[in-house]
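Following the hints, position chain B against chain A.
As you go down the protein sequences, you meet chains A and B in turn.
Start counting at 1 in the first sequence, then tack on 163, and there's your number in the numbering used here.
Start counting at 1 in the second sequence, then tack on 5, and there's your number in the numbering used here.
Fair warning: there could be bad hints in the mix.
With a cut-off of at most 25 Å between alpha-carbon atoms, the simulated DSS-like pairs for lysine-lysine come out as follows [to be verified]: (1) Lys112(B) with Lys406(A); (2) Lys443(A) with Lys607(A); (3) Lys217(A) with Lys236(A); (4) Lys558(A) with Lys607(A); (5) Lys236(A) with Lys205(A); (6) Lys179(B) with Lys406(A); (7) Lys462(A) with Lys558(A); (8) Lys197(B) with Lys178(B); (9) Lys218(B) with Lys277(B); (10) Lys406(A) with Lys178(B); (11) Lys318(A) with Lys112(B); (12) Lys747(A) with Lys689(A).
Worth flagging that the hints you see were computed from the coordinates, not collected in a lab.
All figures in this text were calculated on a predicted structure; none of them were measured in a lab.
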Amino acid sequence: MRESWVPLFGGDVYATPRRLVLLSNEAPEREPDEWVQGPPEKLRDKAAEGFARKQGVSVGELEVRDGFLGVTKAGRPLAEALPERLNELVRGLAFSKSMVWDQSGLRFARPVRWLCAKLDETTVEGFRGSTFGHRFTHGEIEIPHAREYFELLRKTDVEVDQDKRREQILGGLRELGLETPNERVLSEVVYLVESPIVQEATFDERFLQLPEQVIVTAMESHQRYFPLGGNRFAFVANGGDPKTVVAGNENVLEGRLEDASFTFERDVEHGIDELAKELKSITFVAGAGSFAQKTERLKALVHDLGGGEASQEAARLAKADQAAELVREFPDLEGHIGAEYARLAGYPEAVCAAIDEQYLPESAGGPLPETEAGRVLSAADKIDNLTVAFALGQKPTGSRDPYGLRRAAIGLCRLALESGLELDVPALVERDRVGLAEQGAEVKDDVADTADFVEERLEGLLDVPVEFVRAARAGGVSELGAVARLAETLAAAASSDEFERAYVAYDRANRLAGKADGASAALDAKLATDEAELALIQSLAGASPKIEAAIQAKDFQAALSAASELGPPVDRFFDEVLVMAEDKQVRANRLRLLLDVRDAVGALGDLSQIPR
Amino acid sequence: MSSTYQEMIARLERYWADYGCVIMQPYHTELGAGTFNPATFLRCLGPRPWKTAYVEPCIRPTDGRYGENPFRFQHYFQYQVVLKPAPEDVLDLYFGSLEALGIDLQKHDVRLVEDDWEGPTLGAWGLGWEVWCDGMEVTQFTYFQQLGGLELDLIPAEMTYGLERLAMFLQGKKSAFDLEWAPGVTWGEVYKENEREWSTYNFEVAPIDILTKRFEEHETECRDLLARDLPLPAYDQVLKCSHTFNLLDARGAISVTERAAYIARVRNLARKVAEQYVEKLADAPV
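Extracted from the complex, chain A is given alone in its bound form (with noise of 0.2 Å):
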């Protein structure tokens, strides 16, 4: 509707549980008018009468944009227009799913039962004047005036506007104490109800031994309740009696939570490690086996990420949740009630809180793991969880992205950064497609397109232009942490004349060698001739195992120091030499040594990349 009908007629949109409704308060007196394209300008002489005597206009009033003949055919007024535009958008909206329910075969997401549409005080023809109600309060409403569409709604218990549903609940909400309330809760309920009623109620205390999250869970995922701390809750109702409402919401929820504590009970009986057995049974994804294999490929990730006996321990662990009964009831709950189980099995804490904070960060800037053997467990699970889906053919697309891979590669990212987790990525997934490929998974795709897929996200994520991103990813580092310092130390240099001399060795080298044949395998020092030459071979010399021990040691700025010693042996060099030789040695060789200084420059990444 906003699309197709707003920009035409303006307006605002609303919806309920039982209604669309479209409202404009200034709506044009006509339809815009509309462009008729007809046949191109130049065939005028052919088609031009034909396509005018069609339009029912006469040649002369044809007009010409850009290059087509046409005309402009005024909108009707509105009134007139409105029945047939209304019935298009009715039949024009798409939805995700649509359904038939009777031989009309209009096409809807539910049963359309109802159709008003006032003009002012007109009611359109073809629709009908009324509305209904509250579904158990209200029958049939006559709307004498668009206008009064909103309010004479309001008197029959249905407020039409989200916006305002939103507010009486979050003010009800707030009047219990709550100010945040889950916001995926909040947007669901709010297009639940049409007659928003706060209501707060309790549970039966002895329910607080289980986790606070079984119970949270308990309540968000099926009930769509607000948990306010302790044994007290608030919903939101649609009308009722408040009494028998709450009476009834508490039963209901007593009676989910006596069914969460008995699959807590049984979970706990088997305890974690009897779980984590069974996880051989339990596919991970199709393809790339069991979640027991998942856990031997996350062990050795744990182990090159150089994580403790602590993340060792939690990777055994971190996917035992899996064959919880509770997990399969409550997904939400996954690490989370793997914690919870090995805390009462005595397992140290650190172990706990690292499956705690597995699946952190939830949303792309959501808060990240806080214990060190949390960060490691978090990052193996991510790189495992883009491997797997790189290999088996199912990156993500466009919006499609059904694993979350591209949150997954930016909690990697921050992982980097923000904790500063060494990640060397493709050596990670390297490691890990070798483990996938001895499970015996059929292994598609490269590791450069899985670690391009994570370093991308750094562009978003730093503070400089991505072109100083994009150069520093081809540099001499793999480690993501080190490819951001680079593409910050590059940024931030990049007006300064150290850089700017690197930059030129760069450049130069690199236009002319780039792309031309011919170069030789290796420099051949005694096929120099000239004094430029033998110069530029010298600084090289010089300059290239400095910048390689300063890019060993993530010194990028006295790696830049190093690289700008060659920019005036370069210039020289192009000055006074002249690279395509006669010879056919002698310019495979300087050929050669500009690749070589293009080469030692090049650990600093990409540098035409940047644009000057």
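Below, chain B without anything else, positioned relative to chain A:
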């Protein structure tokens, strides 16, 4: 408002009989839901109108909890109503049935929560709502769109009341075992031991080898019956396949990959039965 479990069922029977439904009886083989009953699945195919209502025991082996969980059972009851085609006032009719049960719609918070329904083993889907009474989901309301992979001539409305939940709401009970079935007799007294023994059977005892073979046999028999142009007996074999699969699933004998393949096999049979049933309908004199 409080009434016994059996009184609640009697009132629903009365209400829908008065509306003109054919009151059917439960089917004679294990079903996972009232939708599987031929009175729903087959009768909703083809061009003939049909109105029915009946109690259906649901057998869901994986849902058993040895009678220890107040909310979950491997055997429970649905009240199934099908109106084909769905009349325009079908929702009002449904709400009328709640009133017939003594529910004051002004006093309670009754609402519809959108829900998409899918029955993969039957090649079926539809759109509709969950009906909530004071936070308790008591009914699944669905406008079928496809059954057995076939588009439908007339769109039926299916109303599936979860009888235990509805009774828990009506009687204000937190456990189904505490429901009053008849005056002085609880649901638990009638069915608790049943839950315990059947859970043991479903999870621990049911013979995997025999069941695996049995699935194949039912599948073969279904094909044979289709070859003899007998879709109604063939459909019983689909139901038996489905139940055998559910038992194997409860025994943990089916891996996740196999699962999809088993479901596809049942769906394939259901589709063939549906096609043959519709063909025969077209040939039969009205």
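Results of checking the hints against the structure:
1. Between Lys112(B) and Lys406(A) the alpha-carbon distance is near 9 Å, which keeps this suggested pair within the 25 Å criterion.
2. Taking the CA atoms of Lys443(A) and Lys607(A), the gap is about 24 Å. The hint holds against a cut of 25 Å.
3. The straight-line distance between the Cα atoms of Lys217(A) and Lys236(A) is roughly 13 Å, inside the 25 Å bound, and the hint therefore holds.
4. For the hint pairing Lys558(A) with Lys607(A), the CA-to-CA distance comes to about 11 Å; that is within 25 Å, so the pair holds.
5. With a C-alpha separation of about 22 Å, the suggested pair Lys236(A) and Lys205(A) falls inside the 25 Å cut-off, and the hint holds.
6. With a C-alpha separation of about 17 Å, the suggested pair Lys179(B) and Lys406(A) falls inside the 25 Å cut-off, and the hint holds.
7. With a C-alpha separation of about 24 Å, the suggested pair Lys462(A) and Lys558(A) falls inside the 25 Å cut-off, and the hint holds.
8. Restraint check for Lys197(B) and Lys178(B): the C-alpha separation of about 16 Å stays at or below 25 Å, so the hint holds.
9. The straight-line distance between the Cα atoms of Lys218(B) and Lys277(B) is roughly 22 Å, inside the 25 Å bound, and the hint therefore holds.
10. About 16 Å separates the Cα atoms of Lys406(A) and Lys178(B), which keeps this hinted pair within 25 Å; it holds.
11. Taking the CA atoms of Lys318(A) and Lys112(B), the gap is near 19 Å; set against the 25 Å cutoff, the hint holds.
12. Taking the CA atoms of Lys747(A) and Lys689(A), the gap is near 15 Å; set against the 25 Å cutoff, the hint holds.
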